[in-house]
Amino acid sequence: MEIQLTINDEPTSAEVGPDDDLATVLRRNGYTGVKCGCDGGVCGASKVFVNDEVRMACGVDARDADDAEIETIESLGSQDDLHPIQEAFVDHFAVQCGFCIPGMIIEAKSLLADNPDPSEAEVREAIDDNLCRCTGYQKPVEAILDAADRLRDDRSVAADGGPEAGPTNGADDGDTDD
Amino acid sequence: MTDEPTDPKPDGGTASQPTTEEPDDFEEHPLEWDEPANNDKAPDERKSVSQPAEKFDDRKLVTGEAKYTADYEERFPDLAHAQVVRSEVSHGRVTAIDTDAAEAMDGVHAVLTPWSDEVPDAKYTSAGQSYPEPSPWDMNVLNEHVRYVGDPVAAVAAEDRETAAAAANAVEVEYEEYDHVVDPEEAFDEDAPQLFDQDEVENEIVGHDYDRNRMSNIEGEIGDVDAALDRDDVHVHETEWETIRQSHAQIEKHTSLAYTDEDDRTVLITSTQVPNHTRRQLAHLFDIPIRDVRVKKPRVGGGFGGKQAMVVEPIPLALSLAADRPVIYEASRDEEFGAMRSRHPMKVRARTAVTDDGEIEAIDLYALSNTGAYGSHGMTVAGNVGSKPMPLYSKVPNARFEADIVHTNTPQTGAMRGYGAPQGTLALEGHLDEVARDLDLDPIEFRRDHYMEVGDLDEIAGMMGGEGAERRIRSCGLDECIERGKAAIGWDDIDQPEEDHLHRGVGMALSAQGTGVAGDELGAAQIMMNEDGSFHLQVGGVDIGTGADTAFIQIAAEVLGCDEDDIIVKSSDTDNTPFDYGAYASSTTYISGMAVKKAAEDAKERILDWASRMLDEPAGNLETEDGEVYSEETGDSVTIEDVGYESVYGHDDREHILGKGTHSTEESPPPFAAQFADVTVDERTGEFEVHKLAVAVDCGVAINPGMAEGQIEGANHMSYEMAVSEGVTVDDEGRAEVSDFDEYGLPSASETPPIESILVETHEPTGPFGAKSVAEVPTNTVPPALSNAVREAVGVRINEMPITAEKIKAKLDER
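Sequence lines, in order, name chains G and S.
Mapping to my numbering: the first sequence position 53 is 53, numbers consecutive.
Mapping to my numbering: the second sequence position 459 is 459, numbers consecutive.
No false leads were slipped in.
Under 10 Å between C-beta atoms, here's a sample of chain S residues computed to sit facing chain G:
id	residue
1	ASP58
2	ALA165
3	GLY547
4	MET718
5	SER750
6	PRO754
7	ILE755
I should point out that these hints are in silico values taken from the structure, not numbers from a laboratory.
A quick note: this is a predicted structure, and the numbers were derived from the prediction, not measured.
Using N, Cα and C, we set each Cβ at its ideal position, and we do this for glycine too.
Build the full structure now, drawing on both the sequences and the hints.
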């Protein structure tokens with residue numbers, strides 16, 4: 001069936017099969033910042049906003065996303081103009097392989113919208129279903145706490161500052177010969 | 001295994017000045033390393049090294065723009081998706097495979113069985129190691145003789161994942177079942193079911209006895225351990241330890257995309273730690289010239305050793321040949337836990353002979369390693385159980401290590417961060433804690449009397465022959481690691497809780513690792529200058545999320561005197577980047593980084609030569625800094641960009657400035673860690689809370705301190721999991737009982753205690769700008785430190801991992 005959805009403010013229609021989850025559909029449409037690390041709904045790498053609520057896209061039946069407003073990692077900052085949460089992750093060396101990070105940043109954005117001054121325990125609780133194998137969570141937690149400070153300091157930057165375009169095909173490891 | 005190298009060291013062997021009573025040792029292993037002057041910079045002289053340079057790929061990672069293997073799908077419109085049919089029996093022979101229903105399905109492009117033309121029938125090992133591989137060739141791409149639930153039997157490629165899954169389900173496999181064995185001690189019995197016939201395996205390694213399911217037995221000794229154990233004036237202590245089957249649990253699953261390009265060459269885009277090994281292995285297995293195989297590594301979503309192996313690549317390649325189109329295979333998380341690789345579960349016995357006044361006369365370790373159905377990394381991992389932890393106590397005169405590595409009908413094991421050292425470190429550091437208690441000695445001072453220090457000749461590292469080599473210790477920050485770790489955890493000032501049933505204890509453990517495999521590494525790099533003064537750095541070293549690419553940039557920038565932004569790094573693509581053994585054995589910064597340093601120095605020499613002509617100054621007067629070449633005599637300067645333009649567009653002479661570097665060494669200096677764990681135990685229930693982990697690491701000079709801390713914290717998290725999680729348990733048929741993260745028990749953010757990482761700087765003269773490794777040593781230390789902390793808190797010893805409330809309660813009840 002064809003569904004209508006808005007992805008990062010872009011009205012989009014997508015053909016979906018009966019077995020498609022939302023992560024598959026988003027990735028098929030180029031939003032590959034949405035990652036899949038488990039067999040569905042566990043690891044948190046595919047987190048996106050669905051109608052302003054954080055959901056693991058791989059655990060959402062794509063047909064249920066008909067008429068939904070979706071926000072993915074691609075709607076946050078760009079490489080030249082990072083969102084303050086992204087900036088804090090970079091500044092704190094909170095990123096190693098990076099595979100779980102888009103989902104964690106989405107969850108952090110949700111947390112900080114609801115709770116602008118979280119405790120360390122509240123940050124850990126918020127990202128409890130964002131599994132990370134690289135960092136031991138230490139630096140991501142520090143980054144999110146710092147991002148809270150940055151957002152409180154500069155409310156005006158907290159709104160979505162990302163590019164209008166959807167996914168980009170930017171830096172790609174120099175694989176330009178294909 | 002090979003004999004110990006007898007050649008003199010590549011550098012310094014002749015330059016050494018024997019100054020002690022042991023001239024022979026010092027001639028072969030000089031204390032004073034012939035180090036280039038530019039390698040030892042005081043902190044305030046470093047422009048790029050030791051600075052918090054931004055991780056070069058972070059911006060694309062945090063914006064979701066970075067490309068991992070699965071993200072290349074969109075570039076291949078006719079891409080087919082693979083599924084693997086895996087054995088449902090623990091042990092048996094496939095007697096028939098009915099593929100008719102699968103092949104008849106719409107959208108199915110290929111169905112392969114062990115007997116298909118495109119499937120190699122040669123044996124191989126999946127282990128991504130040097131050549132010839134020190135692992136037995138004992139497996140097939142698709143197997144007729146199956147040895148665990150999960151062994152690949154057939155594979156399909158179809159137009160989408162759903163069709164591939166349906167087709168895989170439609171493949172009917174018939175088996176003749178054999179008896180199976182799951183317990184490694186039972187597997188060792190004469191009458192246990194046998195996994196391999198001797199002639200089924202090409203095994204060049206020592207001590208195999210397939211009649212007893214033994215793939216290898218290894219041993220090494222210095223001094224005379226039995227004589228020391230028999231002495232009248234020693235106490236002999238003996239303890240036993242057991243470790244879990246830990247999953248790598250990297251969040252990006254094993255993913256590999258294979259196709260044939262327009263030049264009829266075989267191309268793999270694949271999530272790997274070992275592009276060059278994979279290229280060689282695929283070429284050998286599929287009988288394709290190495291030159292016609294190209295392995296490209298995009299961003300990798302974690303490896304931890306799980307991708308130091310050609311785990312999945314042959315399957316999409318065989319399918320792409322059969323289907324005549326690109327094929328991608330992405331393992332499921334279920335397959336990750338049951339059919340990829342894991343850490344070898346082991347039982348380790350530790351024995352020491354110690355005098356009344358606390359002199360350790362002998363250390364004796366024995367490990368029984370369960371390698372599962374196949375032998376990849378089996379012998380080498382087991383060797384490191386002894387050869388990594390034991391040299392820490394290099395002052396002990398007698399040392400022995402022996403291991404038996406046995407097959408069981410359980411999932412495959414392989415390389416995993418720490419590579420045997422976690423198992424050995426638990427045994428040794430837990431054991432020494434018990435000995436110190438028994439003799440009423442301070443656990444730290446007891447260790448200090450025996451651990452290595454600068455100037456020591458570490459003979460224990462050489463006791464396993466080819467597994468390591470005797471080495472001179474030229475950097476050691478253990479004392480400072482201990483002092484700073486103690487301060488961070490509050491070692492001398494532990495408050496007990498007010499409640500009588502709660503008891504707090506702090507435990508500690510030490511660890512040493514290596515930095516690369518001594519005498520068995522190669523890294524290479526080349527650097528090309530652009531006319532605008534920027535550089536392309538092409539390096540074989542493999543960044544799997546560690547930040548290696550950024551460390552390479554910092555090393556090159558430090559040499560060239562340019563900004564990090566002026567260096568564009570490319571790794572790894574076997575067509576376009578130089579050779580490298582890959583990301584393993586804590587070698588990347590040390591080996592590949594040194595190759596980068598040499599390449600940058602080579603390019604710099606040419607830059608100075610050009611600048612010399614442009615400035616009419618001898619090259620010896622010139623230095624680079626902040627993007628300029630200046631004369632230390634006259635103060636005149638040209639920019640590196642000026643040199644770039646002049647060198648390619650010059651009137652009289654022209655040159656493309658290229659630098660190349662290649663590095664290999666017999667050295668493998670140990671990094672050190674001092675681990676502390678702070679725990680409170682409820683003696684009524686055995687429940688415990690870990691308040692904090694603190695770990696201080698001597699990694700030499702940290703090229704990028706923030707990234708190094710990240711390595712330490714991530715390693716300590718993995719080590720914590722080894723202490724408190726069940727790992728992948730198997731049922732009585734050897735089937736993995738874990739199929740997803742919910743069942744696995746990877747500690748989440750709220751389940752992970754705060755981890756304080758402390759960098760203790762020393763200078764390792766054999767490493768680039770004084771660096772040695774960091775990523776593995778903190779993987780070894782939490783199980784013993786936490787076991788020791790629980791022992792301190794409530795007086796019971798948990799020596800079988802994981803440490804659980806139930807086990808503590810049971811031990812408390814026994815008292």
